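Engineer: Single-letter residue listing:
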Amino acid sequence: MTEKLVIIGNGMAPGRMLEHLLENAPGRYQVTIFNAEPRVNYDRIMLSPVLSGEKDYEQIIIHGDGWYVRNGITLYKGHKIEAIDRTEKTVTSSLGVTQAYDKLVIATGSNPVIIPVPGHDLAGVLTYRDLDDVNAMLLAAQSRAKAVVIGGGLLGLEAAAGLQAQGMDVTVVHLMPTLMERQLDPAAGYLLQKALEERGIKVLTEANTKAIRGNGKVEAVELADGTVIPATLVVMAAGIRPNASLAKEAGLAVNRGIVVDHGMQTSDPDIFALGECAEVGGHVYGLVAPLYEMARVAAARLGGDDGAGFLHNDTPTKLKVTGIDVYSLGDFADGEDREEIVLRDAAAGVYKRVVLKDNKIIGTVLFGEVADGAWFNDLKRKSANISEMRETLIFGQAYQGGATLDPKAAVAALPDDAEICGCNGICKGKITGAIKAKGLTTLDEVRAHTKASASCGTCTGLVEQLMELMLGDAFNRSAVQPMCSCTDLGHDDVRRLIEAKELKTLPAVMQELGWKTSCGCAKCRPALNYYLVCDWPDEYADDYQSRFINERVHANIQKDGTFSVVPRMWGGVTSAAELRAIADVVDKFNVPTVKVTGGQRIDMLGIRKEDLPAVWADLGKAGFVSGHAYAKGLRTVKTCVGTDWCRFGTQDSTGLGVRIEKFMWGSWTPAKVKMAVSGCPRNCAEATCKDVGVICVDSGYEIHFAGAAGLDIKGTEVLGLVKTEDEALEHIAALVQMYREQARYLERIYKWARRVGVEEIRRQIVQDAEKRRGYFDRFVFSQKFAQVDPWSERVSGKDKHEFRPMATVGFAEAAE
Amino acid sequence: MNWIAIGSIDDIPARGARCVNTPQGRIAVFRTADDKVFAIEDQCPHKQGPLSQGIVHGNAVTCPLHNWVISLETGEAQGADEGSVKTIPVRIEGGTLQIALAAPVGKAA
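Taken in order, these protein sequences are the chains called A and B.
Adding 1 to a residue's 1-based position in the first sequence gives its number in the numbering used here.
Adding 22 to a residue's 1-based position in the second sequence gives its number in the numbering used here.
The hints are simulated quantities; they were obtained by calculation from the structure and are not laboratory data.
Please note: incorrect hints may appear among the correct ones.
Below, simulated SDA-like cross-link-like pairs (lysine to any residue); rule was C-alpha separation at most 20 Å, straight line [claimed, not checked]:
1) A:K801 x B:G29
2) B:K58 x A:C522
3) A:K524 x B:A36
4) B:K69 x A:T75
5) A:K560 x B:R48
6) B:K69 x A:K801
7) B:K69 x A:G562
8) A:K104 x A:T393
9) B:K58 x A:H802
10) B:K108 x A:G304
11) A:K439 x B:G101
Treat the numbers as computed from the prediction; the structure is a model and nothing was measured.
Please construct the entire structure, taking both the sequences and the accompanying hints into account.
Structural biologist: Okay, here's the thing in C-alpha cells:
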C-alpha cells in the first residue's frame, strides 16, 4: 500500500530529496507537492547569471514539467499552504485544495529580511529571492536609471553586479565597514570593494539607511548621515530569515528555524523539515551543499534507513560575479592560538590568507586567484598536518613536491576523495570513475551522470581539467559547444564553412564537414536546412524531411496530434467577408475551439491532419494565405489604428504594419520573428517587447529591436530614428537579413543581439548605408523564392502523401 | 502471421513515414535514408505523440511532441528516457510492402 507523502515547497532541497527518494524507494510514496511559486523546480543559485544576462530561465530549470509527469508526482503550482491539521493529518492550500498525508515534509525556505525603514513598502522596492524578483529587476533595469542595493553581502553584490550589467547606475549601501564581512576578512573585503568600484559600482560602507523617499514609488534613499541617493529601484538584500511561520502555527517546535533532529524530523514524528527553513544542531543554513546533505538524509529516512544523520561541515563561499574571484572557507578570525600565512600581489590584485591552528588549516580567504581553494579545503577537511610544506603552502598545490606548473598537474595530484563540486558534494574519484565506467566524453554527460558542476557551475573548469586529464586530446575544453552529437563543430563554424566551401546540399555539408552520423539527427538537420535556405535561396532545394512537422505541413501540431490553423490577417485588420469565411470553416469542419491569438488574428484548433488541405482550400477562396504561425519565420505585425482613427496617432501605423507584413511574409529566419507598429509613444501595439518594433512619432519612425516577452522579458533596444516609411522598411529588412545571416538556429533576435552587440548592429545598419543596402538587397532577392503561399501549393496537390493514410487495412469490410 | 499488403516503398518519402489505419490502431511505416522499412505503433510511449510525424534520422525517429527519440528497430526509447512501443513485422514481397497483424482479421486480404 503506497503511503501519501506531501511536500510543502518546491525548491532545490525538496527537489533533490525526491531524486534520492525515487532512487532509494521507488513506488513507496504517492507524492504531492504544493509550491507557492507558480513554476517547477529551478536552480536558485543561478539567478545571478540570469540577472546579469549570462543565462536564461530555461537553462536553469532542474525538473521540467515532464519530470513530474514521468514520476507520477502531482505538483500544485501557485498553491500556498495555509494550514496544517496535525490531528486529521491534512494540509489545505490557499486555493482550497485539502490533501491528506502519511508523511509531511516542510520545505518553505526563507524570507528576505525587510528593513522596516519608512518607505520600505513603496513601489520599486524589491527583494532578491526568486525568479519573480529577477524579472521585476530586469524590467526596472530597462530604464537604465539609478539603483540602490541595500546590503553588501553575497546576494546584494551579485544583485548589484547583475543590475550594472543590465546598464543601471548602481550604488551599494552597506552597514558594516567592509563588504561580505561574514565571509571575508577586511583585506579581502577591501580588494573586493576596489574591484567593484573599478567596474563602476559605487560602494558606501558604514552607511545606515534611514528612509526610502518617494511619492507612491521610489525616488531616493536617505542615509542616517543625511546623504540622499536618487534611485528608481531599491533592492533589499539584508539577509534571509527561515520561513517557519506555518510550522509554528501548527504547533511544531520552532526556534530560529523549524527545529529538527539530525534525521530531519520535527517535534512531530510524521513531519520532516529541510532546507533553509530547518534548524539542525542550532544552525540554519543558506548555502546549497548543506541543504543537499539534508535532502540526502531526509530521503534516506523516508526510505526507511534510520541510520542516516546530518553532520555539520563548513561550506566554502564563492561570489558569482564574472571576473571577480573570491573564495572563503571556515574560520579566519585572528586569535592567540592561531597563525596565519599571507600572500599579497598588489599588482595582480591577489590576496591569499590561510589560518592555521596546531599546524592544521582552519580557514582560508582567497581573492583574485582561487584555483587552490579546493586543495586548501581538502587539507582542512582531513585536518592534515601541514608543517612539512609550510614554507610553500601559500603558493598552492602546484608548488608542492617540485611539481611542474602545468595547470593540470594540480588536478592530477588531487586525491580521489578530494571534493570537486561543493554544491553536490562530488569528489574526484566519483567523476573519474564515471568517465571511465560510462565512457563519458562531454561536460554535459558528466553533469548528467555525476551532477558535478551541474548547480552553480564554478567548478566547471576543474571538471574540464579532469576530463582533459583522462581523455587527452579526445577532449578539447576550449572547443565551442557542438551543434549536436553528430559533429564537433559549433553553429558559427558550420555557417562559416557552408559559405566558405560553398556547400549547397545537406549531404555535401555532412560529407565535407565530417558528420559522424549518416544522415544527421533531429537537432542538426533543421538547423542545416535553414542555413542552406538562407545562404543559397535560389539554388538550394528545401528539404522538407529535415523540417519539423509544423513547418512540413504548415500548421501547428497539438498535444492530441490534431493541428491548429491560423490564416494571415495583415496588420490585424479583417473584414466581414473574412470572418464569415472563418465561421463557415468552423461549422463545416466541426472545429472545436476558435481563439483570438496574441498576434491579432484567429486560431482554429483541433483540425484533423486529413482535413487540412480542404480547410485551406475554403480559406483560400476568401483570400486568406498561411499566417506562418508555425514557422521559424515572420509571424505577425501587430498594429494600432494610428492616424486613421486615433486622436493621438502621429503616423499611419496600421498602413505601415500591413506594408511591412506584405513585404516580409514568407521569409524563413533562425527563430520566430514577431513585430509591431505603434502610432504614438503610448505604444498600444506593445512594440517595445517585440523582435522588431516601430514607434511612430511626429518626426518620423523610431525603430526598435531585440525585445522579448516570453520565457524572458526584455524591453527593446533603439536602432534609430528615420524620417520616412521607405527608410523604415529598408532598415527593418536589412536588420532582419543581418540576423538571418548571422544568428544560430533557434536563437531569437535579442539573444543574437546580446552576442553580437547592439552597437555593432547599429553601426552596420544605421551608420553604414552601403552595408545596409547590401543586406536589404539580399533580403529582397531571397523573398523572390520565399513568397509562395504554402497553403495554396498544397491545395493544388503538393505533398499529397502527407495528408492521407498510406492504407486502411484489416477491417472486415476493407478486406473484401 | 497474417501478412497484409499496404502499398509500395515509393509511397513513403525517404527519411519519412506514412500511416496505416488498422483495427489495432494506427501504425507508422517508416522508410530510412538507405531504404530500410520499419513499422511501429504510431504512439510515443511518453504522451502518445504521433511518431509518424517526427523527423527520421538513422534508424530512429524523434517524436514531434517532446523530442523523445525512438529506435525503429527495437521500439525502445533512446538516451535517458525509458519506454517502448510495439514493433510490427514488415517485409517487401515482389515490390509490395506487407505488414503482419497479430490478431486474425475477417477475411484474408
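Engineer: If a hint holds in the structure, say so; if it doesn't, say that too.
Structural biologist: How the hints compare with the structure:
1. A:K801 x B:G29: 15 Å, holds
2. B:K58 x A:C522: 17 Å, holds
3. A:K524 x B:A36: The given pair, whose Cα atoms are some 18 Å apart, holds under the 20 Å limit.
4. B:K69 x A:T75: At roughly 16 Å apart (the allowed maximum being 20 Å), A:T75 and B:K69 satisfy the hint.
5. A:K560 x B:R48: Answer holds: A:K560 to B:R48 is near 17 Å, not above 20 Å.
6. B:K69 x A:K801: With a Cα-Cα distance of about 27 Å, the restraint between B:K69 and A:K801 is violated, given a limit of 20 Å.
7. B:K69 x A:G562: 10 Å, holds
8. A:K104 x A:T393: Since the Cα atoms of A:K104 and A:T393 sit roughly 54 Å apart, the hinted pair is violated (cutoff 20 Å).
9. B:K58 x A:H802: 19 Å, holds
10. B:K108 x A:G304: Judged against 20 Å, a Cα distance of about 35 Å means the pair is violated.
11. A:K439 x B:G101: Since the Cα atoms of A:K439 and B:G101 sit roughly 13 Å apart, the hinted pair holds (cutoff 20 Å).
Hint check: violations occur at hints 6, 8 and 10; the rest are consistent with the structure.
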